[in-house]
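Sequence order for the protein chains is G and Z. Okay, so the first sequence: first residue is 28 according to the numbering used here, each after it adds one. Okay, so the second sequence: first residue is 13 according to the numbering used here, each after it adds one.
Hints are computed from structural coordinates only; laboratory data are not their basis. A couple of the hints might just be wrong.
[Stated by the list, open to error] Chain Z is nowhere near these chain G residues, computed Cβ spacing over 12 Å in every case:
#1 Gly52
#2 Ala166
#3 Gln177
#4 Asn279
#5 Leu310
#6 Leu378
[To be verified] Chain Z stretches covered by chain G per the calculated footprint, using a threshold of three residues with CB under 8 Å from any CB of chain G:
#7 100-112
#8 202-210
#9 230-244
As the structure is a prediction and not an experimental result, all values here were calculated from the model. Glycine residues also receive a C-beta, built at the ideal position from the N, C-alpha and C atoms.
Letter by letter, the chains look like this.
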Amino acid sequence: MTTTTTAPVTTHPVPLLERLRVPGGFVLGAVLLLGVAPLVLSDFRLSLLAKYLCYAIVAVGVSLAWGRGGLMVLGQGVFFGLGGYAMAMHLKLTDAAATGETLPDFMQLYGTGDALPWWWKPFANPAFALAMTVLLPMAVAAVLGFFVFQRRVKGAYFAILSQALAAALSIWLIGQQATTGGTNGLTGIQGFFGYSLDDPVNQRMVYFVIAAVLLLLMALARQLFVSRYGELLVAVRDSEERVRFLGYNPANIKLIAYVVAAGMAGLAGALFVPAVGIISPALIGVVPSIGFVIGAAVGGRASLVGAVLGAIAVAWAQSTLSDEFPAAWTYLQGLLFVVAVGFLPGGLASLSVVLRRRRPRTGTRTTGETA
Amino acid sequence: MTVILNQSFTGISIGAVLLLIALGLTLTFGQMGVINMAHGEFIMAGAYTTYVLQKSISSAGVSLLVALPVAFLVAGAMGALLEWLLIRRLYTRPLDTLLVTWGVSLMLQQLARDVFGAPNVQTAAPDVLTGNISLGGGVTFASSRLFILGLALLSVLALTLILKLTPLGRRIRAVVQNRDLAEVSGIATGRVDRVTFFIGSGLAGVAGVALTLVGPIGPTMGTNYIVDAFLVVVVGGIGQLKGSVITAFALGVLQSVLEYSTTVSVAKVIVLVAIVAFLQWRPQGLYTLRTRSLA
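Assemble the whole structure, with the sequences as input and the hints as a guide.
So, in structure tokens, the structure goes:
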């Protein structure tokens with residue numbers, strides 16, 4: 028924190044050994060996710076957990092961009108969707124090829140012609156499709172972010188723009204029934220790079236992939252948090268003008284956080300497809316986009332572990348409660364927003380700090396300092 | 013020529029709806045920087061008020077006229093309550109109001125679902141407002157749309173007069189321009205905030221009454237409009253009435269022209285890209301309040 032101007036530029040705020048040290052909590056999490064969970068959970072529960080972990084991956088990005096960078100990313104559904112559709116398009120094409128068809132099943136029903144649309148063609152290549160799941164969201168985020176941040180559009184403007192982006196993408200997808208499956212989305216995915224998804228063993232494999240990616244991204248995010256860049260990001264969040272006067276360009280700093288978060292959401296979307304077997308506009312529009320944020324808000328937006336656990340807990344509560352008591356769940360969800368964001372801005376991760384202080388002053392900025 | 017005229021009338025009527033729903037937001041979002049996602053649910057409250065009144069007053073015309081002030085009061089009261097319960101605690105964190113009010117909006121939607129049922133309901137439009145008005149040469153204008161246009165313009169006029177001429181309006185403008193200075197000059201800014209929120213939310217209720225003429229009434233009707241309404245305010249310039257008026261009609265016409273030449277979904281995407289491009293040119297919106305602050 029206290030890097031003085033006389034220190035050489037290469038000095039890191041945290042010593043190198045300190046930054047590379049693997050925290051005990053991380054090891055514990057890895058053991059729980061990769062060892063204990065697959066042993067004790069049934070196939071069904073494990074596949075549910077795989078789905079929650081996808082949301083947790085999005086939450087890692089949200090924690091970076093929103094918790095640390097103060098960017099209210101209300102359009103993560105867009106990036107989740109781009110990644111998901113890129114993956115689903117490839118899997119649909121290989122499914123079709125396995126049965127000797129050239130077109131995915133829904134195109135034979137609704138499609139206008141026999142030919143595959145040109146922009147579907149490259150997705151037959153697995154390497155291209157995999158790269159696109161991450162690069163496509165990052166490219167969209169980079170273009171939008173570049174223009175928006177360069178002109179210092181921020182705060183509410185940015186939140187509303189990113190929300191409008193989510194609305195626009197889902198409306199566009201619904202409108203293109205013949206080439207994107209419209210409201211239904213891309214469904215009934217059977218294979219995953221040659222492995223049948225009907226086989227429980229392969230479902231377990233998908234779970235392990237998702238859990239490993241989550242742990243990897245958490246490690247990456249933590250390195251970003253403690254790096255010099257992470258400190259700058261927090262500084263931009265708390266006082267953008269001061270950072271600008273110090274000679275940095277806040278636009279670039281924010282852009283990196285936004286693009287990295289978009290890439291993480293894209294990867295999460297891509298992994299969501301084999302885990303759940305569907306991607307559709309209903310999963311990526313305005314409502315789910317705000318849903319991606321709430322998990323992080325409940326758990327603690329600025330705390331990485333808090334955001335991840337919050338996302339998992341909210342997703343778990345949603346699927347457990349919404350089936351049995353749909354009305355009660357909606358009330359509870361609304362209440363979660365109000366209480367978590369309104370009265371506990373640091374999320375559950377800050378509960379101990381808040382309780383110790385007994386009576387938090389609403390006027391002070393407690394948002395990020397609790398991580 | 014007929015096509016062009018008809019399309020521009022469609023655009024103007026889309027613009028009138030946009031203006032009506034965005035008008036309240038110009039006040040709440042503009043004055044206080046509060047992003048009230050429950051604004052859409054206040055629209056819904058206005059629409060359901062019309063529905064309930066029509067159950068007890070059989071004449072569609074009378075019930076519509078009664079509904080206008082009643083919906084204003086109902087939605088306004090809900091807004092004032094929300095302000096008092098939650099929003100006044102969050103003035104230091106304007107972005108967080110977005111998520112908090114989104115939670116409120118979820119609960120209000122569910123409440124509507126529990127009270128009125130999940131399916132959409134409909135109200136009967138008065139006979140006067142059901143037909144088309146022919147303007148000659150094949151150009152027609154639905155009279156319900158004309159009513160909405162009139163209502164929108166009337167609301168703008170009333171709001172302008174209140175802001176420009178009354179003591180309350182002077183206080184509101186003072187708080188917008190410099191909250192601290194207003195406070196040390198003896199204005200009870202907290203009370204002004206609540207009244208402003210009351211008026212802004214009330215206008216959403218009026219918009220809800222108007223929307224019963226052009227679409228079904230349902231628990232999720234607010235969410236369909238809220239993003240567009242925010243875009244109008246953002247492009248128009250926060251807290252700027254004339255900016256919102258111009259933007260609402262401009263976006264309406266742009267939308268209808270694009271829908272005519274492409275499809276509805278493509279038109280939405282193009283409008284959004286146009287907005288991002290516009291914000292490149294004027295990041296603070298069409299009209300801005302001149303201040304010397306950095307933010």
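Status of the hints after comparison with the structure:
1. No Cβ of chain Z approaches the Cβ of G/Gly52 within 12 Å, the least distance being about 27 Å, so the stated non-interface status holds.
2. The Cβ of G/Ala166 lies farther than 12 Å from every Cβ of chain Z, with a closest approach of about 15 Å, so its non-interface assignment holds.
3. The beta carbon of G/Gln177 is not kept farther than 12 Å from every beta carbon of chain Z, the shortest such distance being approximately 8 Å.
4. Every CB of chain Z is more than 12 Å from the CB of G/Asn279 (nearest about 17 Å), matching its label as outside the interface.
5. Even its closest Cβ contact with chain Z, about 16 Å, leaves G/Leu310 beyond 12 Å, as expected for a residue assigned away from the interface.
6. Annotated as non-interface, G/Leu378 keeps its C-beta farther than 12 Å from every C-beta of chain Z; the closest such distance is 17 Å.
7. Beta-carbon proximity to chain G at under 8 Å applies to 10 residues in the region 100-112 of chain Z; the threshold of 3 is reached and the given coverage holds.
8. Coverage of the region 202-210 of chain Z by chain G is violated [criterion: at least 3 residues with CB-CB distance below 8 Å; count 0].
9. Coverage of the region 230-244 of chain Z by chain G holds [criterion: at least 3 residues with CB-CB distance below 8 Å; count 4].
Hint compliance for this structure: hints 3, 8 are not met, and every other hint is.
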